[in-house]
Structures are given as C-alpha cells and as structure tokens.
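K.L.:
Starting from the known structure of chain A, arrange chain B on it as the hints suggest.
Residues per chain are reported as follows:
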Amino acid sequence: MNVEHFPEQENGMDVVCIEGLVRRFRRADALDGVSLRVRPGTVHGLVGENGAGKTTLLEHILGGYRPQAGTVSVFGQDPVKDPVAVLSRIGYLSEERDIPGWMTVRELMRYSKAFYPGWDDVYAEQKRNDFGLDPGAKIKTLSRGERAKAGLLCAIAYRPPLLLLDEPSSGLDVTARHDILEAIVRTVADEGRTVLFSSHLLDEVERVSDNITMLHHGKVVLDGSLDTIKENYHRATLRFGGEPALPLHLPGQRAASGHGRDWNVLFTGEEARFNAEVAALGAEVTDRNVPTLEEIFIAETGHSA
Amino acid sequence: MLLHISTQDGRPIYQQIVQQVKYLIAAEQVQPHEELPAVRVLAEQLLINPNTVARAYRELETMGLVYKRPGAGTYVSDTGSPLSLRERRRILCGHLDALLAEARQMRFELEDVMALLKERAALLSAEPKEGSKS
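Protein chains in written order, with our numbering: chain A, 17 to 321; chain B, 282 to 415.
No incorrect hints appear here.
Calculated Cβ distances over 10 Å to all of chain A for the following chain B residues: (1) Tyr304; (2) Val311; (3) Thr343; (4) Gly354; (5) Leu381; (6) Lys399; (7) Leu404.
So the derived label-pair ranges between C-beta atoms look like this: (8) A:His275 / B:Ala353: 55 to 61 Å; (9) A:Gly148 / B:Arg371: 46 to 52 Å; (10) A:Gly318 / B:Asp378: 32 to 38 Å; (11) A:Gly28 / B:Ser406: 57 to 63 Å.
Rather than coming from a laboratory, the hints here were simulated on the basis of the structure.
Note that the structure is a prediction, hence the values are computed from the model and not measured.
Ideal Cβ positions, reconstructed from N, Cα and C, are used throughout, including at glycine.
Here chain A stands alone, though its shape is the one from the complex (with noise of 0.2 Å):
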C-alpha cells in the first residue's frame, strides 16, 4: 500500500522527529519504518487500530525503548541518552493510568509535584475544582473517568511543553470525554505548547487535530494536515449505464462499494480527471461529498478504527 503525504509549511524546529523507526516483538505489534514529525503549537491526532503499533510509538517518544533501526529526537534531544531533558518537558497521561490506587488525590498531586520543579499550585487546584476531585477520594475509589483527570490534571499541572496522550479518552464517558478534549483545546490554546495524543476515535481526531499520523500493523499509511487531507479526499455517488466491469478502476481511487449499476468511489488527486474517465464509462456522478475522516481510514486501511 503507498503512503499519502500532505505536508505543511515549514516553520520552528520539530518537538518530535522520528525517522524510519523500526521495532519487533516476538508478539504482533511492531513498526515498520515509521516516520512522524510533530510541529511545535500543533495538536497532532495518532491514528490506528488496537495493535497498529501507537503504544509502542510513544514508549519510543518517551524513551521507554532504544530503536532498534531509525532514530528518534524530542525537542533535538535523545530521548534514551537523555530521559532527563526529554520526560522534564512531557507531561504524560499513559492507557493504563497507572497511578498507585492507595494514594488520595491530595497526595497524588503532592507526590507528583515533588518531580516537576514547574508544578503550578495554583493551576492544579483549579484543575481539581475544574474537574470535580475530591482532594480526600482515594485513587482507587474513583470511577474510570476522575481516574483519567486525575492522570490528566498530573499532566498538564506543570505545563509541560509537550503533552502527550495515549487513548485519553478510550472507555469514558461522554463529560470525562468532553473534561480531556477541553484540556487538549486550551493546552494548545497556551502560545507555543504542542500536544501529541493517539486514538481511535476519529470523531474527536477530527475536532482537535492539526496534523494527523495514520498507523495500520506498524506503518504509516496516512500523514499530513487535516484540512489538506479533507481537501484532497472527494467521495462520489456514480450512476452506471449498465453494470460496470469489476472491479472498478477509477484514477485515484481508494475504495469503492456498491452493486449493480450504483457505486460509491472514494479517490483522491484531481477531478477532473476522475470525472472524465466516469463520463468515459457512460456512468454519472449524481452526489459528491467530503467524506469524513472515519470513511478515509476504512478506506486506507480497510478496517475500521
């Protein structure tokens, strides 16, 4: 399968610069030369499926693994050399919310302060209020949604240049849901702060991303600015004569559905060049629509996320 790119104006130094990374497991989830660049200021949405390798690709932001080809760099520095001067400046809200159970959110708050030297006081109480926690709830107490502000507001509370989310909001509810897209807008909303989040659910990508990276089994097949992906990706409604030879092969076509003489076309590139060729095959394009970003990933990836 090739890669789509649709890449933006150059501007800053990159927060994040992965090039050609590549990582095996014994298991499943690997990546296969992956390539994602994060620009400073911008939302950028990590797109897959469970076991796309979007995990992985963080643990490598983080310095969790050393690549085993290809070479990582945040903010231009090592993340395996130098954890310090990376994990100093990302505030990290991890799938599993792995914070000690027995702990209340007072004490979480004081021990998670203890690491940050830029811990704001001030900001994280009113993140707490903001959230609704009760600073005597024991972690373990809480439902799965204050689990995940509490993980949030440990974040964000030191205002870290970089903030990185992984599936924030998988298995939420709709305000816990609305409480982290909220601190994903106002973050980026903060002049200069960059956030980096994966999930699969591409209607908040869709609301929150600048910048989109889809992964499918360990590649990239997806990558750019989301408007110019919008831009770039045209759904058409086709009306044949009489039925069509299949499979149909359309100039840039990506997918098509349909039976008989009505078929849905999902391609990209020009026009104009589609619709000649439709006109060629006696067929009529009787709808044209921008398809969402759910519809692009099934077709790009043929699942959905």
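P.N.:
Frame of chain A, contents of chain B only:
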C-alpha cells in the same frame, strides 16, 4: 454567536465556521462592527482546535467580511451589502441545485417546479421576505 460543528459533515471544520459566519452576516444576525468571540473562547466552546478557529478568521478577513484591530479582537466589517451578489447567488444556487435534483428524482418537470415556486411565493407574500432574484 452560535455555531454548530459536525464531523459527520465531512467538510473541514474551518470551512464550516467560515460558511456559518457568512450566513450569520448575510442574515444580519451579527451587525457591522460587532465583535466575534475570541479564538480561544470559540475553540473551547466548540471543543475544536484554536488553530482551526484562527484559520477560519483569517479566511473571513481575506474575504473582507471581518477585520482585526491590533491588540484587540475580530470584528464584522461594514461592507454595506455584507455579501456580494455573486456570493449570495452562489449560496442560493446550492439550494436550487438540491431542489432540482430532488424534483428530478420525483419526476417533476421544470415547469411544474416553477409553477409550485410561484404558488409558494404567493402564499408567503403576505409577509415579504428579504432576498434577491436568482
């Protein structure tokens, strides 16, 4: 200013904002020199990326529909007629195309559609609507 963003719509979110602000201006639901919400405020309200809101405002500024005051906010321009005739035509034509497609599917002839249009217009004429001929 109330906007509604949908990711089911398919179109890029900044385009949805541009489109809706244009409608609000055309419908005079926002007045010349009225201040638009700050980028950050609108982003938090709609739960979307602030860069997207900023891009939408930039497009609106390029179109001359809004202007920025240095160090202050973004305001609706006083352009006399808020949208050019061409722009208003374009919006109306979108609706007409949809109407014609629907009419064709239901096997109405163009003459029937025109007759129906006149009939409906006569019904509505007690309360004359703003708008131009297309």
